[in-house]
Amino acid sequence: MDKLLTHSPILIIAIPLLVAFLTPLIGRAGGKARNTLVIASLAFVEFLVIILARDIHLNGIHIYTLGAIAPDLALPGGAMMPIRIILEVDGMSIFMGIIWATVALAAATFSLSHMARETGQTRFYTLLLLMVAGCFGMIFTGDLFNLFVFLEIASISGAALIAFRTRFADAVEGGFKYIVISAVAGLMFLFGVGLLYAQYNSLNIGFLASVMQYSMLDKIALTLFLMSLTIKTGMVPLHMWYPDSYTVAPANVTAMLVITSHACMYAVFRICFTLYGGVLDASVVGWIIVIIGLLTMFVGVTMAVFQTDVMRFMSYHAISQMGYMWMGVGVGLAVLGNPGALAAYGRDAINGGIFHILNHAMYKPLLFMTAGALFHRTATRDLNKMGGLGHNMKFTLILYIIGALSIAGIPPLNGFASKFLIYESVYQFNPVLAVVAMLVSIITLASFTKAFQSAFTGPQLPEYKNVKEVPKPMLIGMGILAAAIIFTSIFPGLVVEHIVNPATDALINQSAYVNGIMGGTP
Amino acid sequence: MIESPSGFWGPVVWIIAAIVALLIAYFIQRRGEKAYKKGVQSETFLMGNPKLSAGETHVRAHNIYWGFFEGLKKYYIPTIAAHTGIINDHLIWLIAGIAIVIIILFIAGGI
Chain A
0 MDKLLTHSPI
10 LIIAIPLLVA
20 FLTPLIGRAG
30 GKARNTLVIA
40 SLAFVEFLVI
50 ILARDIHLNG
60 IHIYTLGAIA
70 PDLALPGGAM
80 MPIRIILEVD
90 GMSIFMGIIW
100 ATVALAAATF
110 SLSHMARETG
120 QTRFYTLLLL
130 MVAGCFGMIF
140 TGDLFNLFVF
150 LEIASISGAA
160 LIAFRTRFAD
170 AVEGGFKYIV
180 ISAVAGLMFL
190 FGVGLLYAQY
200 NSLNIGFLAS
210 VMQYSMLDKI
220 ALTLFLMSLT
230 IKTGMVPLHM
240 WYPDSYTVAP
250 ANVTAMLVIT
260 SHACMYAVFR
270 ICFTLYGGVL
280 DASVVGWIIV
290 IIGLLTMFVG
300 VTMAVFQTDV
310 MRFMSYHAIS
320 QMGYMWMGVG
330 VGLAVLGNPG
340 ALAAYGRDAI
350 NGGIFHILNH
360 AMYKPLLFMT
370 AGALFHRTAT
380 RDLNKMGGLG
390 HNMKFTLILY
400 IIGALSIAGI
410 PPLNGFASKF
420 LIYESVYQFN
430 PVLAVVAMLV
440 SIITLASFTK
450 AFQSAFTGPQ
460 LPEYKNVKEV
470 PKPMLIGMGI
480 LAAAIIFTSI
490 FPGLVVEHIV
500 NPATDALINQ
510 SAYVNGIMGG
520 TP
Chain D
0 MIESPSGFWG
10 PVVWIIAAIV
20 ALLIAYFIQR
30 RGEKAYKKGV
40 QSETFLMGNP
50 KLSAGETHVR
60 AHNIYWGFFE
70 GLKKYYIPTI
80 AAHTGIINDH
90 LIWLIAGIAI
100 VIIILFIAGG
110 I
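The listed protein sequences derive, respectively, from chains A and D. Using numbering that gives the first Met the number 0, read the first sequence as starting at 0 and increasing by one per residue. Using numbering that gives the first Met the number 0, read the second sequence as starting at 0 and increasing by one per residue.
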């Protein structure tokens, strides 16, 4: 068990990667064997993430150096800087890891039925697992170049998954847009990495943070990192590709793409707080993030309420909700250099933003899956053509209500708990921000009421008289997420104390991350 | 329970309050009209006109909040027009964004 724990960071990346390439081989033995392998591997990864999270909670940052005599040996004897590939998992990384493991398992379970009618399922699961490996790599790596490599793995597999249903022309177009945007963003990111490597001769985040000077080149690199990840996350005004791509992907893939955006958001926070944290002009960069968040919230929700395509509607809401996270964390960053303000409300703002990432990672994939369930049974995404489906799809209806109330921030659901933290802390920074955030919540509720009325309520339409509830694996996939929402709603204090607080501390306490690599000599 | 800078949130207390409110509502509903006949009084009566089909009575998505969109036309027309769906336009926004952020960082902190 100790050995398993020691090697868990690399196993969490390597297992999905290995199984991805094993899937075509096992797939030859039959669909059941392949599906069992995929679900079992993701369940095992979930187990590894849980034991690693427990260890980090008890013992702090977990370092894993590839190729070293001992995995926790970051600096070989006499070396001034780390030279090997290092994984560094702290409270923030494992927070994202918990999200990824849970949503990936739920999405894969949902896929068993949702993709059952598709051809090329073996390729689908291979791509799905590659995406999982790529995103775990992004959130666990302590190295900027590896962050780029894993970003590319996640992007390429994501584009292929979006375009998976090639019989739909818009799916191919969506996949094309995703890969072009990802390639340009990836190049910008790589250029930023090159600028830092040229100055400091290292790619290790901890080491770079310890020597960062915030020169002109560092500022250009910061801009490239910030904007390339902003477009990948889908923040306004760089969001326009997002609904075009996310709408056309299968719902289980979209659920995964939402948390891929979270992984990119994680990279923004890691770069601002950890890589540049010690030297950054925090109030300026904090305000940039707050304004992007504010625009994203407002434009996202106003565009969502206008939509009649259920997946496009969900995509704009996903954009809007990410604005809350940026605003919360941005306010915390803006007051990072002011200990009084940080203690008074800045830390709570970051807590609210991070807690909202967790909540969003549960209710948004659930809502995308309910939209997928509607498509699965009606073969349309057009809300104008739907109606009265609640008569025959009662479980989907209940799961939709749970997700919709949560995203709208209706008490006692978890969406309210994180928004409550954001409203109250952001109000003390600037009341206008809190007012806009509340207005966005009201429009969110109004737009989900519109979708609810259009799809589920009303008289039973003749064309959907024989529609049945979706198959059990799809309900189980959605049920996993709904159960997580209910648990978080009833015990928000427990979640904040054991999962969110360590993530916030990891972001604020830059020296802990640096010391993890440099051994106490930042 | 979670604490914010100026308050706290306890969902268990809220749930108990909601259950009590629902029980009171149920109690009031139980004391309602005893002569109500299910399936008779719930039938739609349209001034003696023939009953509409299910499809005709269902309010479709594009009709909902029509007034809201009309009222905000000045916001919606340019915003929707900006969403061209053309990938070149998306990349122009990215380049413009990079330029703006670099200028802000240089103005704020010097070159």
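Hints are computed from structural coordinates only; laboratory data are not their basis. Treat the hints with caution; some may be incorrect.
Claimed, not checked - With a straight-line cut-off of 30 Å between C-alpha atoms, the simulated DSSO-like cross-links for lysine-lysine are: (1) A:K471 / A:K393; (2) A:K464 / D:K73; (3) A:K393 / D:K73; (4) A:K393 / A:K467; (5) D:K50 / A:K467; (6) A:K393 / A:K464; (7) D:K37 / A:K467; (8) D:K36 / D:K50; (9) D:K50 / A:K464; (10) A:K393 / A:K31; (11) A:K384 / A:K31; (12) D:K72 / A:K384; (13) A:K384 / A:K464; (14) A:K2 / A:K464; (15) A:K384 / D:K73; (16) A:K464 / D:K36; (17) D:K50 / D:K72; (18) D:K37 / D:K50; (19) A:K471 / A:K384; (20) D:K37 / A:K393; (21) D:K72 / A:K393; (22) A:K384 / A:K467; (23) D:K50 / A:K384.
Taking the hints in turn, this is what the structure says about them:
| no. | hint | verdict |
| --- | --- | --- |
| 1 | A:K471 / A:K393 | 13 Å, holds |
| 2 | A:K464 / D:K73 | 41 Å, violated |
| 3 | A:K393 / D:K73 | 40 Å, violated |
| 4 | A:K393 / A:K467 | 10 Å, holds |
| 5 | D:K50 / A:K467 | 27 Å, holds |
| 6 | A:K393 / A:K464 | 14 Å, holds |
| 7 | D:K37 / A:K467 | 26 Å, holds |
| 8 | D:K36 / D:K50 | 20 Å, holds |
| 9 | D:K50 / A:K464 | 19 Å, holds |
| 10 | A:K393 / A:K31 | 28 Å, holds |
| 11 | A:K384 / A:K31 | 35 Å, violated |
| 12 | D:K72 / A:K384 | 25 Å, holds |
| 13 | A:K384 / A:K464 | 14 Å, holds |
| 14 | A:K2 / A:K464 | 56 Å, violated |
| 15 | A:K384 / D:K73 | 28 Å, holds |
| 16 | A:K464 / D:K36 | 26 Å, holds |
| 17 | D:K50 / D:K72 | 36 Å, violated |
| 18 | D:K37 / D:K50 | 18 Å, holds |
| 19 | A:K471 / A:K384 | 25 Å, holds |
| 20 | D:K37 / A:K393 | 22 Å, holds |
| 21 | D:K72 / A:K393 | 37 Å, violated |
| 22 | A:K384 / A:K467 | 17 Å, holds |
| 23 | D:K50 / A:K384 | 21 Å, holds |
Of the numbered hints stated above, those contradicted by the structure are hints 2, 3, 11, 14, 17 and 21, listed in ascending order.
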